[in-house]
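Given the sequences, and given the hints that come with them, work out the whole structure.
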Amino acid sequence: MSNDICGYLLPPLNAEELRNLNGYAELQKIGIAQIKKEELYNFPNELIPTSDCYAFLISDRPHYPNASYLIDYLDYAPEADIGFPLEGKARLNILLDVLSDIFSITNAQKMLVALTECSQIETIKKIKLCELYDVIHKDFELYQGPPDTLYEITG
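Residues in the sequence shown are numbered consecutively from 1, following UniProt numbering.
Bear in mind the hints are in silico, worked out from the structure with no lab data behind them.
There may be inaccurate statements among the hints.
[Claimed, not checked] EDC-like mimics (lysine to aspartate or glutamate), calculated; alpha carbons at most 16 angstroms apart, straight line:
1. 110 / 75
2. 89 / 141
3. 29 / 97
4. 126 / 148
5. 126 / 52
6. 29 / 101
7. 110 / 26
8. 128 / 97
9. 110 / 52
10. 110 / 141
11. 89 / 152
12. 89 / 139
13. 125 / 101
14. 125 / 152
15. 128 / 152
16. 126 / 87
17. 110 / 122
18. 36 / 52
19. 37 / 26
20. 89 / 75
21. 125 / 46
22. 138 / 148
23. 128 / 101
24. 128 / 141
[As the list claims (entries may be wrong)] Ranges between beta-carbon positions, derived for each pair:
25. 96 / 23: 29 to 37 angstroms
26. 15 / 122: 31 to 39 angstroms
27. 28 / 141: 39 to 47 angstroms
Predicted model, so just to flag it, every value in this text is computed and none were measured.
Quick reminder that beta carbons are idealized off the backbone N, C-alpha and C, glycines included.
Rendered as structure tokens:
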């Protein structure tokens with residue numbers, strides 16, 4: 001099983017916003033990489049951007065394709081050496097902090113992000129940025145793992 005985090009930002013980033021985001025990404029221990037919008041696998045056709053956008057993939061570490069630990073929501077034994085906090089909620093908070101930062105750094109009006117196991121989107125939710133932590137934590141509690149949900153986040 002692979003846990004996946006991908007999405008995109010609107011409107012398209014200007015040169016300064018892109019520089020700011022790239023600088024932020026370089027400082028993170030997790031991976032934040034730009035991808036082609038064609039790599040937004042299993043996004044519903046009506047939610048695939050038709051215009052230019054910044055599409056992204058977030059992973060456990062730079063140059064790695066999956067977010068196995070970030071969103072598995074498992075609590076690991078004290079002796080586990082996973083490079084992240086051992087508690088699933090704490091790792092999820094790292095991701096939510098990054099998503100919130102990306103939204104702010106880029107002055108995004110909208111962010112669509114899928115949190116899935118095996119790239120399967122089962123649900124679409126529209127939420128406000130101020131609801132990000134509450135809604136996503138509740139979904140992870142309910143499913144005890146990636147909720148296979150595409151979140152459409154607006155400011």
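We went through each hint and held it up to the structure:
| no. | hint | in the structure |
| --- | --- | --- |
| 1 | 110 / 75 | violated, 32 angstroms |
| 2 | 89 / 141 | holds, 9 angstroms |
| 3 | 29 / 97 | holds, 13 angstroms |
| 4 | 126 / 148 | holds, 14 angstroms |
| 5 | 126 / 52 | violated, 21 angstroms |
| 6 | 29 / 101 | holds, 14 angstroms |
| 7 | 110 / 26 | violated, 23 angstroms |
| 8 | 128 / 97 | holds, 15 angstroms |
| 9 | 110 / 52 | holds, 13 angstroms |
| 10 | 110 / 141 | violated, 25 angstroms |
| 11 | 89 / 152 | violated, 21 angstroms |
| 12 | 89 / 139 | holds, 12 angstroms |
| 13 | 125 / 101 | violated, 20 angstroms |
| 14 | 125 / 152 | holds, 6 angstroms |
| 15 | 128 / 152 | holds, 8 angstroms |
| 16 | 126 / 87 | violated, 27 angstroms |
| 17 | 110 / 122 | violated, 20 angstroms |
| 18 | 36 / 52 | holds, 10 angstroms |
| 19 | 37 / 26 | violated, 22 angstroms |
| 20 | 89 / 75 | holds, 8 angstroms |
| 21 | 125 / 46 | holds, 14 angstroms |
| 22 | 138 / 148 | holds, 13 angstroms |
| 23 | 128 / 101 | holds, 14 angstroms |
| 24 | 128 / 141 | violated, 19 angstroms |
| 25 | 96 / 23: 29 to 37 angstroms | violated, 20 angstroms |
| 26 | 15 / 122: 31 to 39 angstroms | holds, 37 angstroms |
| 27 | 28 / 141: 39 to 47 angstroms | violated, 25 angstroms |
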